[in-house]
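Asker: Here is how the chains run, residue by residue.
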Amino acid sequence: MAKLSSKAGCVGIFSNTRFIRNELEKRRDLLYQIAYSWCHEPALADDLVQEAMLKALKNAKQLKNPDAIRGWLSKILANCWYDYLRRRKETVDLDSLPYEEFAYEKDTNDRQDIVERVRRSIGQLPVRQRQVITLVDLAGFSYAEIAEILDIPIGTVMSRICRARKALKKSLADYDPRHEVIRARIRRVK
Amino acid sequence: MNKDNIYSDEQLQAFVDDEIDISERKEIIEAINQNDALACRVCELMQLKDSVRLAYREPPQPVNNRDRWNASNKALFSVQAVAAVMLLAVGTLIGVLLQPQLNPSASTAPAGLAQIAPPGDEYRRVVFHISTADPERLAQALDDAEELLASYKDTPEKVQLEVVANAEGLALLREDASPYVERIHRMAMLYDNLSFLACSRTIEKLKLKGIEVRLVPDAEIIPAALEKIVDRLHEGWVYIRV
Numbered sequence: 225m226a227k228l229s230s231k232a233g234c235v236g237i238f239s240n241t242r243f244i245r246n247e248l249e250k251r252r253d254l255l256y257q258i259a260y261s262w263c264h265e266p267a268l269a270d271d272l273v274q275e276a277m278l279k280a281l282k283n284a285k286q287l288k289n290p291d292a293i294r295g296w297l298s299k300i301l302a303n304c305w306y307d308y309l310r311r312r313k314e315t316v317d318l319d320s321l322p323y324e325e326f327a328y329e330k331d332t333n334d335r336q337d338i339v340e341r342v343r344r345s346i347g348q349l350p351v352r353q354r355q356v357i358t359l360v361d362l363a364g365f366s367y368a369e370i371a372e373i374l375d376i377p378i379g380t381v382m383s384r385i386c387r388a389r390k391a392l393k394k395s396l397a398d399y400d401p402r403h404e405v406i407r408a409r410i411r412r413v414k
Numbered sequence: 006m007n008k009d010n011i012y013s014d015e016q017l018q019a020f021v022d023d024e025i026d027i028s029e030r031k032e033i034i035e036a037i038n039q040n041d042a043l044a045c046r047v048c049e050l051m052q053l054k055d056s057v058r059l060a061y062r063e064p065p066q067p068v069n070n071r072d073r074w075n076a077s078n079k080a081l082f083s084v085q086a087v088a089a090v091m092l093l094a095v096g097t098l099i100g101v102l103l104q105p106q107l108n109p110s111a112s113t114a115p116a117g118l119a120q121i122a123p124p125g126d127e128y129r130r131v132v133f134h135i136s137t138a139d140p141e142r143l144a145q146a147l148d149d150a151e152e153l154l155a156s157y158k159d160t161p162e163k164v165q166l167e168v169v170a171n172a173e174g175l176a177l178l179r180e181d182a183s184p185y186v187e188r189i190h191r192m193a194m195l196y197d198n199l200s201f202l203a204c205s206r207t208i209e210k211l212k213l214k215g216i217e218v219r220l221v222p223d224a225e226i227i228p229a230a231l232e233k234i235v236d237r238l239h240e241g242w243v244y245i246r247v
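Here the protein sequences come in this chain order: A and B. Quick note on my numbering: the first sequence kicks off at 225 and runs consecutively. Quick note on my numbering: the second sequence kicks off at 6 and runs consecutively.
No wet-lab data here; the hints were simulated from the structure. The structure presented is a predicted model; accordingly, all values stated were derived computationally and were not measured. All C-beta atoms in this analysis are idealised placements derived from N, C-alpha and C, irrespective of residue type, glycine included. Keep in mind that a hint or two might mislead.
To be verified - Here are a few chain B residues that face chain A, going by a calculated C-beta distance under 7 angstroms:
(1) 14
(2) 61
(3) 212
Said to hold, decoys possible - Derived BS3-like pairs: lysine-lysine, alpha-carbon spacing no greater than 25 angstroms straight-line:
(4) B:214 - B:163
(5) B:233 - A:393
(6) A:250 - B:163
(7) A:250 - A:285
Next comes chain A alone, as it looks inside the complex (with noise of 0.2 angstroms):
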């Protein structure tokens, strides 16, 4: 495993910067996406990702492991959460915010569309359950990983994922997605 060397000083510092920026250009969709799932507004999540992103280059030196960027970044990007979350109610519980207190942009005609449903299904669960959702089903992390990202135990990890994809379940239960897969793609080939 590759280590970036401390030892360097400044010239370590700086490589790791350097690292860190292009890393940061090959994976701001991928945290855009999942600030995107957290909070649900365009304008919003783009704010989360740059205010994670020059927090993390500023913290460069930070980042003794180059392998462990991707889990490193997400970490900062939760606490940028958290942190616009308790600007925004200072003593909201996290487990119980709803979706609905989130700005909703589309049109209700396109609410029939699976994406905007199953959008709309994650955002009505607690934040907590939202955000380890997304970050295994989306992102990719193992349940170890997002323990260490959320500062967790594993347990609540899993425990989370079940909650969140019964509760997931449950509100898709009526709909089959099959049809409005397809339709997505032709749709956005077209």
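The hints should help you fit chain B onto chain A, whose structure is shown.
Answerer: Chain B in isolation, oriented as in the chain A frame:
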């Protein structure tokens, strides 16, 4: 005891998330192949995973997001660049003064920087899972498959589609039972990015019941359908259950 319930939801979640060891994974795959209800539970979880991926694959973008990043990145970079130039000047001076003491390997880039993975390819990869013999649903599945393949035919983007049939769904690929033998052949001839895969375990089960299975010529036999699907999901394929 209901065999469907021998595995808890938590165990099956861990299975679809690839969080269990190989022996337990094999055990669950074996159980899935023996138990349709269990297979359904696993498929539902896979479908949920895929739905989440699909929902956020192309999130709406804010205006000028790239410009914002580039601007802030450049601003930060410019500060660093000035610092770097100053550092370089000081370093050069020190280097000239202390040249014999410098370690030539100190300026070498860390090994990790050369190990960045290349970006992925541009293929859209989709696996259709067919486990029903309902002719209407089979026809709909073939319609969907053709529609999908046709929509990508003349575009720069490419699609790869695998139709995996097991349990009752094997009927689609049985020459002696499928209502769509000709259609499958025509599709296989028309699209080289389309594969029809038949589950070997289902074939064996039918043999045990005294049913000799003859597959359509365009079908390939795979060891186990569910195992194939799990592998495909882990490789990032889109999963669609018929």
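Asker: Confirm or reject each hint.
Answerer: Now for the hints, and whether the structure bears them out:
no. : hint          : in the structure
1   : 14            : holds (6 angstroms)
2   : 61            : holds (5 angstroms)
3   : 212           : violated (31 angstroms)
4   : B:214 - B:163 : violated (41 angstroms)
5   : B:233 - A:393 : holds (24 angstroms)
6   : A:250 - B:163 : holds (22 angstroms)
7   : A:250 - A:285 : holds (19 angstroms)
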